[in-house]
Amino acid sequence: MTGQWNWRAVKLVSALVYVSMFVPLLVVVVNSFHPQRMASFPPSSLTLHWYGEFFADQMLLDAVWMSTKVGVATAICAGAVGTLSAMGFVRKQFPVKKGLVIVMLSPMLVPPVIVGLASTMFFTELGWERSILWLVTMHTLIALPYAFLIVRSRLFLFDESLEEAAQTLGADHLTTFREVTFPIISPAILTAMIISFVISFGEFTATQFWVSRETTTAPVVIYTMLETLITPKVNVLATLVLVITIAIPIAGMALQRWLASPTE
Amino acid sequence: MTYLHIDNLTKRFGNLTAVQDVSFSVDEGEFVTVVGPSGCGKTTTLRMIAGLEEPTSGTIRIDGSDITSLPAYRRDIGVVFQDYALFPHKTVFENIAFGLKMRGEDEQTQREAVDEMLEIIDLEGYEDTYPHECSGGEQQRVAVARALAFDPDLVLMDEPLSNLDKKLRQSMRTELKRIQAETGVTTIYVTHNQTEALSMGDDIAVLNDGQLQQFDDPKRVYREPEAPFVADFLGQSSRVDGVLETPSRVDLGDGNSVAISERDGFTPGDEVAVFLRNELVSIATEQPSTGNVFEGIVTELDYQGGEVNYFVDVPSLDISVQVSTVVSQTDSFLEAGMDVWMQIDPSDVIYTRIDDQSRTEVSPAEAAVEQ
Ligand SMILES: Nc1ncnc2c1ncn2[C@@H]1O[C@H](COP(=O)(O)OP(=O)(O)OP(=O)(O)O)[C@@H](O)[C@H]1O
Ligand SMILES: [Mg+2]
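Protein sequences, first through last, are from chains A and B. Numbering-wise (full-length UniProt numbering), the first sequence opens with residue 1 and increments by one. Numbering-wise (full-length UniProt numbering), the second sequence opens with residue 1 and increments by one.
In case anyone wonders, no lab produced these hints; they're calculated from the structure. Where is the CB? At the ideal position from N, CA and C, for every residue including glycine. A hint or two may mislead.
The calculated EDC-like cross-link candidates involving lysine to aspartate or glutamate, where the alpha carbons are at most 20 angstroms apart (straight line), are [claimed, not checked]: (1) A/Lys69 <-> A/Glu160; (2) A/Lys92 <-> B/Glu53; (3) B/Lys166 <-> B/Asp83; (4) A/Lys92 <-> B/Glu54; (5) B/Lys101 <-> A/Glu129; (6) B/Lys166 <-> B/Glu127; (7) B/Lys177 <-> B/Glu53; (8) A/Lys92 <-> A/Asp159; (9) A/Lys69 <-> A/Glu129.
Some chain A residues well away from chain B (every beta-carbon gap over 12 angstroms; in silico) [as the list claims (entries may be wrong)]: (10) Tyr18; (11) Phe89; (12) Pro95; (13) Leu100; (14) Thr176; (15) Phe182; (16) Leu259.
Extracted from the complex, chain A is given alone in its bound form (with noise of 0.2 angstroms):
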């Protein structure tokens, strides 16, 4: 009986854990639809009178596209990188491995805000300027660990023998990567790029000191937004984050099953 009554308290807690994550979205995403300048929950009616004006703002445009630019390469360079570095530690045997890992996992350990000072006062002092190949260096670094643990998990559990198998065959290191390490892992790489993806593109604390007038990005224009002026165009511009930022894991997720399908 006590089992019961500990799995319903199991199944409460999580509903309301849920709900309370989910209805403020819900409340955002409704808002943007509303009628009047100063909301009352719930609207009378809705409109796309906010979406109207919403897409007539260029600066507002300009950020959500900043976003998924700097998102997208984000993507790229720490899939990349996170697979590369994966693959030397996964299998090559080194001095100071196990440090190692802890330098690849700081930026991960290390409270946004700091990251963001510290690098902005170490890249000011050389002189670098504010730019959209700042941001993504730095978000690279701020998903980078993400990545690396996603593909090395993955090659945690991939069998060598099959590359073993491609170079009695014939096939040199390169091709042997190429030809069978590549697509085997490839689910894994995919899934850590949509993770960099989703990291960059609602990253805030630290891009708000990474982001000049024109490389603003929309969680900065969000965050200014209600700092400056109330407008519910905010409440599109988050509808259209929190959007994105569902669509892409998903649009990634049907990319995946149907790249792993041969496997299954």
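Please build the complex by placing chain B with the ligands on the supplied structure of chain A, with the hints as guidance.
Frame of chain A; chain B with the ligands shown alone:
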């Protein structure tokens, strides 16, 4: 004609010597089995030949040329892995054609070679299936086909049948031998199964503790072992140590002796280990008139369908012998406590010189019988 030549091959992993000074030669088209207990260095030896492990010292030559320092992908050696290692994301066709593709062969050549292989392994029509859609036995055959399709100089197989059930294993043995005969490719086949080694090999390499104990044809390895380990490992037997009295008789101490058939290289006075193989000993209630005869007492019996295993104590030799006999329904069984006669032909008595290493250890067969 010697084709593969292995010379003083040694592999150390840190302090552990996995393979020590192993030398043997294999003729072209020969099927050699490598057998030995777990951890004796079979896989390591095979991996060095394949180029997947770098030898600490020693040389490997194929057809006269030294390949010791060539990377695996530059050797023309096919390998069948224990877990098959088929590429999961490639079809059966792509798997089998892989070696040819790596050698830059065109589609047409690939297709012809794969078709030929599929016919040999009896899997026509499987081109477009994926490995996970094949049964264990089918995957096994695809792995063999992949290792053979690019016409390698040599094929290495590391316990390729160990993942299959007993019945399938039996039929795959015959199948593998047929494929090897059909393609004529020189093959080295690793197993830890004695029966498999004896039944499949043209020659057998017996390894123990990283060292080659004997390299010979199955009959000689079985009948004329060169080390007690070999006699022990290849079949169940009881061991009695003694001294060669005449070229055809061994003194077993306490007034016991056993007649043997002469072998070259032995002189009276040699210390020898005598092995009475279970399957070569017969049991009777009347005293037999020929051969070596010992008195014994049945201590236990164990029915296994049409076969009965008798455990017989032979007090004069201080051993216990296990004898299997086929019994029909009308035969009367012997019973525990009965006095019986054990008989073995002199030519069936197996003996080997005792080397220093084996003098002290209890032979596994003896230990097993004593349990
Ligand atoms: N990469 C390695 N690093 C360290 N020791 C190893 C390595 N590979 C093998 N060994 C050791 O070398 C010895 C021989 O191993 P090997 O795999 O060749 O044995 P095997 O005869 O194939 O055994 P099995 O029948 O169990 O497959 C073992 O003691 C093993 O632990
Ligand atoms: Mg092995």
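message: Flag every earlier hint the structure violates by its number, smallest first.
response: 1, 5, 6, 7, 14, 15 and 16
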